[in-house]
Structure formats: structure tokens, C-alpha cells
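Hey, can you work out the whole structure from these sequences and the hints?
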Amino acid sequence: MTKSYEFNWQKHLPEFMQEGATFDRFDECDTCVLFPPSFLCLHLPSSTGFLPCFGASLLQEGQVLECSLINSIRVGAVPKDPKILSSFEAVGKTEADLEGCIICICSATDLVNLNFMFLVAENPEVARKWIEGLRSVIHNFKANNVCPMTCLKKHWMRMCFLTNVNGKIPVRGITRTFASGKTEKGIFQALKDLGLPSGKNDEIEPSDFTFDIFYALTQKICPRTDIEELFKKIILVPFYDPKRAMQIIEKYERDEDLKKKGHMSSDGFCRYLMSDENAPVFLDRLELYQDMDQSLAHYFISSSHNTYLTGRQFGGKSSVEMYRQVLLSGCRCVELDCWDGKRRRPGAHHHHGKAMCTDISIKETAFVTSEYPVILSFENHCSKPQQYKMAKYCEEIFGDLLLKQPLENYPIEQGRALPSPNDLKLKGECVCHTEQLEAFKKHMEAGETNTPAIIMGEENEDETENGQCQPVPDVHVSGDVAEDSEEALIAQYTYVGATTNIHPYLSAMVNYAQPVKFQSFDVAEERNIHHNMSSFNESVGLGYLKTNAIEFVNYNKRQMSRIYPKGGRVDSSNYMPQIFWNAGCQMVSLNFQTPDLAMQLNQGKFEYNGSCGYLLKPDFMRRSDRMFDPFSETPVDGVIAATCSVQVFSGQFLSDKKIGTYVEVDMYGLPTDTIRKEFRTRMVMNNGLNPAYNEEPFVFRKVILPDLAVLRIAVYDDNNKLIGQRILPLDGLQAGYRHISLRNEGNKPLSLPTIFCQIILKTYVPDGFGAIVDALSDPKKFLTIAEKRADQMKALGIDTNDIADVPSGSSKNDKKGKGKGDTVKASVTPQASSDMAQTSNSAQNNTAETKRGVYLQIIIIDELKQMKVCIQMHDFFFKTFLEDQNIMQKTHCTQADKMVSLHDKEKMTLEKLLEKAIKKRGENNCQDLKKETEDKIQTLATEHKAKVKDITAQHTKEWSELISSHSSEEQEMKDSHVTQQCEHLKKLLATVQEQQTMQLKLIHERKEMRANQAKMSMENSKAISQDKTIKNKAERERRVRELNSSNTKKFLDERKRLAMKHQKEMEQLEKNQREQLEKLEKFNEQVQPG
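full-length UniProt numbering applies: residue 1 is where the sequence shown begins, and numbers increase by one.
Take these hints with a grain of salt, some might be off.
Derived lysine to aspartate or glutamate pairs resembling EDC-like cross-links, with alpha carbons at most 20 Å apart [as the list claims (entries may be wrong)]:
1. K129 with E19
2. K1033 with E678
3. K220 with E277
4. K11 with E132
Note that these hints are calculated values from the structure, not bench results.
Here it is, written out as C-alpha cells:
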């Protein structure tokens, strides 16, 4: 619920100003007298912001001058025009009588085209009193933000003041106000319905023309049907409790019967919407609300370039009046070009017009609108003697206002931060544009050189050896130069750079803004000198932003930088300052004489914080521990992105002509937040009074840095000419139904033109999280069907405890119904697409991880022994041993067989000899031979047995020796086998571990994941391209770019998660492998021979 806020925009007026006084008046332009002196009555009503002048002459009607258009009140000089003096002499006032009695009132709708009104008081005391009183009334920046209802009151008072010679309000004046292409008959009829004179030449008594009558007239001529429609169907947000609602009704409702009932009519609702309580910005932001005790480098500073110019850079006029106007507008950094002047006096001037230093009225205007420090940026072209005079002039004129020495608490030392704006209140700080100020101080400069920043034509070395400057030729031009002669003027112009040979007396005045030539961001960071500052033309600044954006931001956290327009802007046009504000550049200098878009952004931005010219930079652009990329497309850490929606309903009193109008809504901020020339309403033809646009909302979906973003609402006619505009910083914007009062090109408030629109501000919710946020914000809306049915049963008196919990199940009909109802439309929202894609991607990843979930077993030594390679090696050694054993057995068997065969052969030979002898002699005759033979056989058998015994013993001995040899060889073989087996087991372990590592890498192979991510990205992009709610190509491209950025972050996070998981698994695997290797080492120590 919003609280009532009292917007105290009016300033206290002394009684003598409310009572009024009588003055003579004269106007002059050069030597031309516009009006003769006239008899005037001047007074300020306490409830208005007008300075009405009532003419007592029978020939003149009254004139009204709005205080918001008055920029200065001065002590006027005695006119030198003889015609004016003679006119005063005719009424008995001599030139001496006019001394000290003249008041000069300067007013304008911009900074260049000024109007002067001269009033002559009765005596100097009256003049002095009124000058002081008027100065206390003007420069009321709060008055520029009054509500539409107050604007109507001011316009009504203007009409009441502008009476004719009869002291009455002419009907003709009313018809001019509400013309806007409508016929006068409608206005006459409205006046008649209100009981007022309605003839074309009729007059209305001021007492009859009350504000209620005027307001009723506006409602008849410009009916607010748009508000009536809203009144019928909307509910105020934020909601009001009965007490606050009654306060609103009591304050804005005019129908007493409805008040008693606690009701409000559409008229009361309209009055409420047009009040200060529904201002489009938080009105407390117009006051000084920021912390002003930070370092100077932590503020944006309103800055001007070539302050003295009133027009083009070449051929345009220069005027000291611009210094006054620029400072009074709130600017805190002005530029002075100083050259050797005539009569050996330094002059601040442009090549097309000079002014002496003493003529520039900076002192009296520097701290009128703001008490915070003014930075005087000198571009010094003077010789050393005249530099000394210039320094003396500054010291004499500014006195204590000039900061000549560093503050005691802020010495000029390396690493010391700059003082704050509060520390430098009511002080002027000098900046002398030289590239080598310190070099001169240390006497390192060998000679005098020029360092031109911009060279047009040839470089001119125009300083002589004795330190005197050669005279610079003046090119005096009356008025503006024609287009065809401008090129010739540029061709003959040679830029003369600022001298680097600075007089010590002048250089001593430069303290906290010592200009140095920029070398690099690394050098600046290494030096860490906060009081050094550098200037960049816009092209160089953009170049550094392109290559070193983050470094540029960090540089501006520590020390100041100044940006100025490039030399090619001869028409005094301005660059876009927002890009440099995004980088934290403090002094973004603009051509204040050109009321273009850039200046509108500048003035709209610096209107906040009491229009003091200083705006505190966001926290992340000041803290050294935060990193900020001004080209970031993702939300900044610690900063909540916003969504802004603007729906334009109608316009009121946009023009008094019969023209067509349309409204354009733009956003300026970071590059990703900036949206230009995309959102515009339809053209409403032939209605400048109350066009109804009734457009769909213009949605700025994602504003990642609201602190730097500004909203621009501009109204154009059918010739694309600007009618009015308004710059609204997003960090001070109020949501709701708002009337936006428009400004002109120079940011001066227009009287009546307003735009009625609805502004919605909310936290940006990324695609895919909308349903969650909605459920959290309104849980009841997202109850399940079962919970809703339970609530409905409760309404019938059924206790929830009586409802049993049963398993949920869906019938065939439910499934069929679901199948029919879930038809996907062609217009798929990115959010829905993202949800589906996320679900799909999650399922695919889970499936893939399930497939890849291979268990890596722990390696055991016994398992290594059972491996085929290890078994083959063991079998080889055992086979070799068996082969040796078989060879010996075969050798022994062969020897035994040979002995048996030889014995059998000898025995058989003896038996054959015996058989032959028996056959030949007979058996009886061979008994002796038989016996002899048997003896020989017996002897042979005995010898054979002995030989067998001997060879058996020998074989036994050899076998024993072989067994013994084989045993020792087997042991040696086994020892060698164990050593080789251990080495082989190590190799096997290393091989198996390497296979496990490769297997783990294959498990985390990302090809499938990348394919899924690419598929998801394509599906989302396709969904956006098919979304019919996106109406223009730029928005579609922006959504795709945003989606790609979101997907990239999501995909990188997923890959990072998998990489961390892979790393943990790899570390665990390496740990297991180390443990396995240690076990194997222990096993080898146990099995190896000691």
C-alpha cells in the first residue's frame, strides 16, 4: 500500500512580493527598441509559479512569465540607447535616477535563445529587495515535476492574468487554447453549458471563471473516456486499506453524497490520477538523496564542451553568456579556451569571438543551483607572462572559492583517494589541459612544444623561443556561416594545441584533477595516482571501450576521465553519452547549446539528486572487488534484472494544431538493454487535443542493469517533428497508471501536454521459471485438482479428516481427455519450449549416464596371476623343467637297454655254438662242451649282473646328481621366475590401470551431451520463430540472442558439473591404483628370496 506523499514544490514568498509593486519596463535588442517604457504592476501569488505582469497602459494587455523559464535575475545596467533614455526623461527620470534601479529578468526555453526584460524600480532599495526575492523563487527544479492537475491550475491562472484592457478574460483566448483542429462551435457550446458567455467576441469576468469551471470546461472539450473505462474494470494496485481509501476519497471526490458512502466517482478517480500522488517518478529522488561523501571519481559529473559556443563549432557565435546559462542549468564542469588577448591581457575565447577573463561571470553563477564543486577546464594557449596574469585573475576574482591548495586531509600522494563533493563544497577546481604538467615542474622539459589533440590542416608550431606566442589570426564572422563557405573555413583553420610550458603559479592551482597523457590502463593502475585524469575524444574512448572495456571501468573507479566530442562534429552535434556512462566515465562533456537526444538524456539524468550536477555511480562501478563488463548480456552479480512494460493509452493537449501524432517509447542503458525505434504507436490523424492510441503494451523483457537505464517517451507529429519528450531514469520510475508531463527539446516543461500510460515494473524471470514464481506469488492459484476439490468439499461442511487417502489413478477416459486436450499449438512460447527441452534433456542425460555407468573393479593380485599372460609364463618354465627330466630318463633307459641287449647277444652266441657242436658230434660227445658252455653262460650272467649292478649304481648316482642338480636349477629357475613374475605383474597392473583410466574417459565422453544441447538450442530457437506473440524481427532476434546466452551459460554449467564429477572419479581411481600398487610391492617383498 502506498503512503500519502506531500510534494512541497512551492517556495516561500515574502509578503511584499505577494502584494506586488509598480515598475517601468523597457525591452531592447542590440540598438533596436522593441517597446517604449510602460507602467507595470508586478506581483507573485503565493500558490503559483508565475510572474504575472499587469499592464496599466490602455494600449497593452497583461503579460505572464513562468518562473520555470526564468534562469537569472540580474542588476541591469543603464541603457545606452538614446531613444530609451529620452523616453525616461519624458517621464522625469534622468540617467542618474536609473542607476541601481534596473532589474534584468533573463528567460528562455533553451540555453541559447534568451529573452531579456528590463524593469525599473522606484529606487535602488526596491530594486535590491525584488532582485533578492526573485532569485529566491527561481531555480526551483521541483516545479518542473508538478502534476497535471497543478499544470491545469497554472494554465488557468495564466488565462486569468491575461485579461484585456477591460480587466476581463476574452473568449477568443480560450478558443485559442483548446483549438487543436476542433471547431469553435464545440468550445462555445461547452461555455454555454457551463453558464458562461459563449460569443466569439464575448468577455468573461475573472470572478466567474473559477478553477472548477475551467476544469469542467477541459473535461467537456477533452473528455477522459480512457480513464472512465479503466475506472469500470480495474482494481488499484497496490491495494489500499479502508483508512487509506477514505483519505483518497476525502481529498479528491467532489460529490458529498458519495463521500458519505465511501464511494468515488470517475471524476474523483481522474483527479486522483492527475495528482502528485501518481507522479511517474519517486518525487523524493528530485531532492538531494545520495551519499555525497564518496570520492569524486565515484560520481557522474554534468560536463560541457566548448562552453562558450552558442552554435556550430565553425562559423557559430561564441558568448560569455553561455557560461552563465550552463552553470545555472546545473553543469559542474565548464571549458575555457585561453589565448593571448589584446592589451597584454589573457582572453578566453573561440576563434570567432573573444572575451576577457574578467568578463566571464562564473563566480556569481557557479553555486546558484548547486553548492558542489565546479571544475574549470582550461585549454591553455597563453604565453607564460599572460598565464601568470590569468592565474592572478582567477585568484582575485574567485578568492576563497578557488581551491588553490590541497585539503589537509587529502594530500596529493600516490594511492590517496580524491576528496568528496561535500569536502569541496563551494569550491572551484582548475584543470589545465597540458600533456606534461609534472614534466615542467621537474624541469625535465628541454624546450617548448605543442601537443595538439586534433589537427586540421597542418600542425602549427607557433610558440617562439622566448615564450611569447605568435598572434593568432582572428576570423570574425557575423552570424552563422553558410554551408558552402564552411568547408573553406575549416580548410584554412589550423588547430593550435595547448602549450605544455606552464607557469608555476598557474600549475600550483591544479590539485585534484591534474591532466596527464594517457599511456595505458596497466601503467595507470601501476602508478595508482588518483588525482591524475586523462581526456579522450569520443573516437578514442570508443576504441578503448572496444578493446579494454573492463579495464576502463576499473580505471574510472580510481581516477577521473573526461570524454569530449570528436573534431568532425563541426555542427556541434553530440555523441551518445550513455555508452560512456556505462563505463563509469565521470565527465562526459557535451555541447550544451545543441538540444538533441544526447542532451535530453543528460538533462533528464542529472535532474535527479537535487539537480546538483553529481550522481553517485552504482555500487559495482565503485568497488574495487567487483568486476563489471559494460557489454555484458547476463545479469550482474548482486543486481536484480527488471522487466518494464509501458502501455500508452492517450495524449492530452499535445498540440493546438490539426495534426497527426504518434508516441515512441525507447530504452537507453547497457547495449543489451538499449531498444530504440522499435516501439511506437499508430498514427492518430487530425487530433492534437486528445488522441487515443490504446496500444498493446511495449515490453522491455530484460533490463539487466536498471540503475543505468532510462526510459524515453517522445511524441511526434505526422511530419516526424518532435512535439515533446520526457526522460525517466528507471531506478526512480513508479509503476501504475501515470500521466507523463512532456518537455520540449531543451528539457523545459511544456504547460499542458501529457501522455497517459500504464507502467509495469517487476523482477525479470528467466524462461522456465515463470510457473515457479507465479506459484510462489499466488499459491492458491496453483493448488492441485485434489486440493481444490477438498476445499470445495469443505465449503459443503465436510471435514477434511473424514476424507480417506486413496491411491490416485487415472481412468481411460481421463487419459483420452488428456490426449485430446494436450494438442500443442504452433505458437509455442519459449518458456514452454524451454520446459519441454529441459525435461527431454534431463531424461536423455539420465539415460546416457545409466548406460555409461560401468563399474570399475578393484584389481587383486590373485586375479593378475590367473591372467592368461601370467599363466603362459608359468607354464613355459614348468615345461622346460619337464623336458630336462625326460631327456635324462631317456638317456638312462637307453644305456640299460644297450647292456641288456649286449648280454642277450653274447648268451645267444654261446648257445648257438653249443647247438652246432651237439648236432655235429652228438649230445653224448658234447657233455664237456655243454658243461663248459653252461659255465661260460653262468660266468657271462654273473658278469652281466655285476655290470648291471655297477651301471645301476652309476645310474642311481647320476640320477641322484641329476635330481640334486635339477632341484638347485629348479630353485634358481623359480627364483628367476618370481622376479620376472613380479615385474610382469607390475606391467600387467599398469596396463589394467591405463585401461581403467581410458574407460573412465569414455564414460564421460561429451559427444552425446553436445548433440543433445545443440538439439535443445535448435528446438528453442524454432519455438521462438513460431511464437506469434512476438511481433517484430528485432524482438525475435533479441529473444533468440537472449536464449542463446542463457543456453550457453546452462550448457557450460552442465559441462563444468560433469568435468568436476569426472575429476572426482579420476582422483578416486588414482587413489585406488596407488593402493593396488602398494599391495603388489608388499607381495613382491614377501615372495622374493631374501
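Here's how the hints hold up against the structure:
1. For the hint linking K129 to E19, the alpha-carbon distance of about 13 Å falls within 20 Å, and the restraint holds.
2. For the hint pairing K1033 with E678, the CA-to-CA distance comes to about 10 Å; that is within 20 Å, so the pair holds.
3. For the proposed pair K220 and E277, the alpha carbon gap of about 24 Å is over 20 Å, so the pair is violated.
4. At most 20 Å may separate the alpha-carbon atoms for a hinted pair to count; K11 and E132 meet this at roughly 14 Å.
Going through the hint list in order, the structure does not satisfy hint 3, though it satisfies all others.
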